[in-house]
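Each protein sequence line maps, in turn, to chains S and V. Sequential numbering of the first sequence, starting at 1, is according to this note's numbering. Sequential numbering of the second sequence, starting at 1, is according to this note's numbering.
Any given hint could turn out to be false.
Far from chain S, some chain V residues (derived; all Cβ distances over 12 Å) [said to hold, decoys possible]:
| id | residue |
| --- | --- |
| 1 | GLY38 |
| 2 | VAL60 |
| 3 | SER147 |
| 4 | ALA174 |
| 5 | LEU182 |
| 6 | PRO212 |
| 7 | GLY237 |
| 8 | ALA241 |
| 9 | ARG245 |
| 10 | ASN258 |
| 11 | ASP265 |
| 12 | THR277 |
If you want the ones that stay clear, here's a sample from chain V, every Cβ over 12 Å from chain S, calculated [what the hints assert, rightly or not]:
| id | residue |
| --- | --- |
| 13 | ALA24 |
| 14 | ARG37 |
| 15 | GLY66 |
| 16 | THR102 |
| 17 | GLU179 |
| 18 | PRO192 |
| 19 | ALA229 |
To be clear about the criterion: a stretch of chain S counts as covered by chain V if any three or more of its residues have a C-beta under 8 Å from a C-beta of chain V, and this derived list gives those stretches [claimed, not checked]:
| id | segment |
| --- | --- |
| 20 | 51-63 |
| 21 | 82-91 |
| 22 | 158-167 |
Read the hints as simulated data drawn from the structure, not as lab findings. The beta carbon of each residue, even a glycine, is placed where N, CA and C say it ideally should be.
Here is what each chain is made of, one letter per residue.
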Amino acid sequence: MTEHFSSGHADRVLLAGYAAGAVDEATAWSIEAHVTACTTCRSALSAQVDAGRLARNRSVLHVRLALGDTGRTRRWGIPDHLLRLLAATPSLRRSWLLSVVGVLAVVTGEAVLARYSLGGPVRGNPSQQALVPFLLVAPLLALAGVAAAFMPWFDPAYRLVAAAPFSGFTLLLVRATSALAVAMVPVACAAFAVPGPSWLPAAFLLPSLAVCALALAAVTVVGPLAAAAAAGAVWVLAVLLLAGAHLPLTVVQWHGQAVAAGVLLAAAAVLFLRHDRIELGWMR
Amino acid sequence: MDEMTLDTQTAAIRVDGLSRWYGATQALAEVSLALDRGITGLLGPNGAGKTTLLSVLATVAEPDTGQVSVFGLDPRDRSERVEIRRRLGYLPQELRYHRHFTVARFLDYIAILKEMTDRRQRAEEVARVLAATGLEGQARKRIRALSGGMRQRLGIAQALLGHPDLLILDEPTAGLDPEQRLRFRELLSDLPGDPLIVLSTHQADDIAAISPRVVVLLEGRVCFTGTPAELAATADGRVWASGQRDERAHLSWRGGDNLWRNVGDGPPDGAEIIPPTVEDGYLLLAHAAVTR
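Taking the hints into account, I'd like the entire structure generated from these sequences.
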């Protein structure tokens, strides 16, 4: 590309190609960026392109500059338009992430205090019982982020989403995957801080995936709030029952992981079979 | 083509016996309509069912009973619903935005939702609708920094993305100043391809100015379909001028000429009958519905 601008100006063959619409997208963008700043090339181009088209091209360039580039992430193979959709994901907002970190800080602090007996006596296995609030909350934070991806009241423009032809399932998957990925980072960090086994940070991944997948599968059958509540209730019930038996960590140990894997597979099958039922914002 | 000559079997939009309930409240009651290309104005007071009807036509709400056909497609069928959406531009009432978005980002986002995946095509389309709505200079501005009128124009801009065949505009002129309203009328008049446009408004003068067809919706029922001239004609002989308020009128107001304009069923003998407007016809229909 630089050889076409070797003299500091775009060469005439290149400008003629642009005028004829015969250059590729990257070259067109380079020329547009150059002629915006270079009066000599703008004049040369004006002789070959009508003023209306030039003005339209300039407007398009302004829009593209306003939109910015997603070049680096596109190079990772993620399509540009899917990245753009992430900008409207509620659980990727700074305020949401701060809330997640805040909740994790509270339950982590509580676990640390309970472990070192500053929060009063703990019955049963003290190291396990101290983890109950953390075990309860961690996957629910991921679930909340995913639920926000499909609950209409978290998307101010949900009526436009509902009236658009874009696949609701694709949009939901993009949002849910990003919400889950982002939530798991602070959860894993907090799991390092709580007084538990060293494998704990990794142990939340599969149960969190299973709870979120369960909610996504349920949303093909019931409303979004009921789906999120049902998935959350399943997790809370499991943790509380095991906590009652003084074995709360079992929910993320081998047996718990096996059950989570089963739930994940079943939910994935339901999603595969019923994904066309997902329409964000559609009012029945 | 007006309603009288419109073939209900071949009309682009056909609505037959449409009802919709919200809990115990019936928003639409057995609405039947046939609409063809061009502009149709939907007139009615708050709570008349305009927004519900437009939501059903825009495929975001399902009717409880009745049949709806848009370009021969049934919005109850999922794949046909998606086909309708591919041809749709929709401006909901009181559209809310992602306020942290810039104007260009928001339009780009909506363009993606309209299945425009090519970046260059999206940028061209965003530039086009920005120019059409006079928002060229606002591309980098955050939505939270826009005035109410600019936000409304942004709502209209997003509806125009992709050259829709069907434009559903719920209160598009709300929040626009008089000049912007005129520019909006110009914009609709200049749209290429003769799209089917249904717009709702409280402004009878908007309807009279741009809609060859008007539908009056009152308490969930269609009370009138016809041309603006026909709506005005329903008030023939029922609008009169006087030097002071006439108690027999349903509504009276003093005009710029200091004369009272009275709209009612029984003008007094010898009253100075004046030509009715679309607004007069609408007011009389609305009054009849309230007192029914």
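Exclusion check [ASN258 of chain V not at the chain S interface, CB over 12 Å]: 46 Å, holds
Could you let me know if the closest chain S CB is still more than 12 Å away from the CB of ARG37 of chain V? Holds, since 20 Å exceeds 12 Å.
Stated coverage of the segment 51-63 of chain S by chain V [criterion: 3+ residues, CB within 8 Å]: Holds: 5 residues of the segment 51-63 of chain S have a Cβ under 8 Å from chain V.
Would you say PRO212 of chain V is clear of chain S, with no C-beta pair closer than or equal to 12 Å? Its Cβ never comes within 12 Å of chain S, the nearest being 25 Å, so this holds.
Mind verifying the non-interface call on SER147 of chain V? Its CB should be farther than 12 Å from each CB in chain S. Fine: 18 Å to the nearest Cβ keeps SER147 of chain V off the interface.
Please verify that the nearest CB of chain S lies beyond 12 Å from THR102 of chain V's CB. 6 Å, violated
Grab the minimum beta-carbon distance between GLY66 of chain V and chain S and tell me whether it stays above 12 Å. At roughly 15 Å from the nearest Cβ of chain S, GLY66 of chain V sits farther out than 12 Å, so the non-interface label holds.
Just to make sure I understand the rule, a stretch counts as covered if three or more of its residues have a C-beta closer than 8 Å to a C-beta of the chain. Does the segment 82-91 of chain S meet that for chain V? holds (count 4)
Holds or violated: is the Cβ of ALA229 of chain V farther than 12 Å from all Cβ atoms of chain S? Answer for ALA229 of chain V: holds, closest chain S Cβ roughly 33 Å.
Given as non-interface: VAL60 of chain V, which should sit over 12 Å from chain S by C-beta: 4 Å, violated
Check the non-interface label on PRO192 of chain V: least C-beta distance to chain S beyond 12 Å or not. Its Cβ never comes within 12 Å of chain S, the nearest being 16 Å, so this holds.
In terms of Cβ atoms, is chain S entirely out of 12 Å range of GLY237 of chain V? The assertion about GLY237 of chain V holds, with a minimum of 43 Å to chain S.
Checked against the numbered hints given earlier, the structure breaks hints 2 and 16 and satisfies all the rest.
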